[in-house]
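J.: Sequence:
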Amino acid sequence: MAEEPQSAIAKASAFIRKYVIPLAITVIMYLIGLFWGLVVVFRIVNRYRGDIGKVFVVKKRPLPPKILDDPELGNHCYIQLPNIKLHYVESGDKSKPLLILLHGFPEFWYCWRHQIKEFSKDYWVVAVDLRGYGDSEKPPSVKYYSMKYLSEDVKNLIEGLGRQKAILVAHDWGGIAAWSTVLRYPEMIEKFVILNAPHPVAFNKHLVSSLKQFLQSWYMFFFQLPFLPELFLRADDLRLFALFFKSKKRTSVLNEEELEAYKFTYGKPGATFGPLAYYRANILGRYRYSKESDKKKATPSSDLPKGFLLFGDEDVALDVKLVELSKAAYPNLETEIIPGACHFVQEDEPVNLQSYRRLEANLLVGWD
694 MAEEPQSAIA KASAFIRKYV IPLAITVIMY LIGLFWGLVV VFRIVNRYRG DIGKVFVVKK
754 RPLPPKILDD PELGNHCYIQ LPNIKLHYVE SGDKSKPLLI LLHGFPEFWY CWRHQIKEFS
814 KDYWVVAVDL RGYGDSEKPP SVKYYSMKYL SEDVKNLIEG LGRQKAILVA HDWGGIAAWS
874 TVLRYPEMIE KFVILNAPHP VAFNKHLVSS LKQFLQSWYM FFFQLPFLPE LFLRADDLRL
934 FALFFKSKKR TSVLNEEELE AYKFTYGKPG ATFGPLAYYR ANILGRYRYS KESDKKKATP
994 SSDLPKGFLL FGDEDVALDV KLVELSKAAY PNLETEIIPG ACHFVQEDEP VNLQSYRRLE
1054 ANLLVGWD
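For the sequence shown, the numbering used here assigns the number 694 to the initial residue and increments by one for each residue that follows.
Quick caveat, the hints were computed from the structure, so don't treat them as lab data. Treat the hints with care, since some could be wrong.
[To be verified] Below are the PhoX-like pairs computed for lysine-lysine, each with C-alpha atoms no more than 25 angstroms apart in a straight line:
no.	residue 1	residue 2
1	Lys858	Lys789
2	Lys841	Lys858
3	Lys939	Lys905
4	Lys747	Lys939
5	Lys939	Lys759
6	Lys858	Lys787
7	Lys858	Lys1020
[Said to hold, decoys possible] What follows is a set of in silico ranges between Cβ atoms, one per label pair, in the way DEER data are often shown:
no.	residue 1	residue 2	range
8	Pro715	Ile1030	29 to 37 angstroms
9	Lys711	Glu950	44 to 52 angstroms
10	Lys759	Ile1030	31 to 39 angstroms
11	Lys898	Lys759	43 to 51 angstroms
12	Leu724	Lys905	15 to 23 angstroms
13	Ala703	Gln773	40 to 48 angstroms
14	Pro879	Glu765	33 to 41 angstroms
15	Val1009	Ile721	19 to 27 angstroms
16	Gly1033	Ile702	50 to 58 angstroms
17	Pro757	Ala703	54 to 62 angstroms
18	Lys787	Lys905	43 to 51 angstroms
Quick reminder that beta carbons are idealized off the backbone N, C-alpha and C, glycines included.
All chains should be modelled from the sequences, with the hints used to inform the complete structure.
T.: What follows is the structure in structure tokens.
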């Protein structure tokens, strides 16, 4: 009989952890998102006062820009994986080591155009459109964009390409997917290079403990809302894309033709749902490692793949302190901060040569 109260307490505690806390986190996230939603609506109304119709205008682009079919970037291919059909561009000798490029938000395979040309000299390079992006399949439900599916996509892609291992080079959400793959399937990753994407555990802790990061992440909460974020991204013929890709060193990291390539890709019907679903499926309490992942984290560092984190310190979305926190979360990690580089490191041309030298040194030498 003495065990019954303890059993009841244990059940109540489990119920709170499983249902109450996630519900509370979700409610708080939506309330914060609603606040930022009101801010966005106010700014939109103020900007387009007297011409509100422009908010809903997206120019029709029936044909892709020629640069998307540039033969120097490689061949366009599709692969049917167990749960998804992915589009990718491949270049280089297939007998050489496989190097997979994983883009972030709001990008697609084309963001790696500089790296494809550079690294296809020494690797079989595969630049993939992540699920929900570009010409890859777009699952209609948010639940299919969780880390479980993203890491499985990378694993299945490696196997589907006929390899047992690969090198990952990843940015932003592609970097988070890479982190998840490294933790879940370390035996399949030869080594990895991540650009401006912190270790998920480091980010989640910093998000709730740093006011600076909390404010920098305002859009993550805003993206939890339905409909409005999609409208926000598409407003005024996807005007935001010209604002996203900016650094302090240059007015824009994209020229007009490259910007048109992004607008062509994101201007298609339903093109913004998948990218936004990453935020809706994985932020804060919704991101949880499986028991398998916890076991992988306990693996001796000598058995984990070596990683390299490259970080532009002018990132307006991520606090540079996350570099040190990521190193603490994953000791088998080398890091480098690039002064003056924006969030989109691989597209920020003034640092491309520096990035190439550092990336090549780490990839080719292998951190021995």
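J.: Each of the hints needs a verdict: does it hold here or not?
T.: Evaluation of the provided hints:
no., hint, result
1, Lys858 with Lys789, "holds (12 angstroms)"
2, Lys841 with Lys858, "holds (19 angstroms)"
3, Lys939 with Lys905, "holds (20 angstroms)"
4, Lys747 with Lys939, "holds (23 angstroms)"
5, Lys939 with Lys759, "holds (23 angstroms)"
6, Lys858 with Lys787, "holds (14 angstroms)"
7, Lys858 with Lys1020, "holds (24 angstroms)"
8, Pro715 with Ile1030: 29 to 37 angstroms, "holds (35 angstroms)"
9, Lys711 with Glu950: 44 to 52 angstroms, "holds (51 angstroms)"
10, Lys759 with Ile1030: 31 to 39 angstroms, "holds (36 angstroms)"
11, Lys898 with Lys759: 43 to 51 angstroms, "holds (45 angstroms)"
12, Leu724 with Lys905: 15 to 23 angstroms, "holds (21 angstroms)"
13, Ala703 with Gln773: 40 to 48 angstroms, "holds (46 angstroms)"
14, Pro879 with Glu765: 33 to 41 angstroms, "holds (34 angstroms)"
15, Val1009 with Ile721: 19 to 27 angstroms, "holds (24 angstroms)"
16, Gly1033 with Ile702: 50 to 58 angstroms, "holds (55 angstroms)"
17, Pro757 with Ala703: 54 to 62 angstroms, "holds (58 angstroms)"
18, Lys787 with Lys905: 43 to 51 angstroms, "holds (45 angstroms)"
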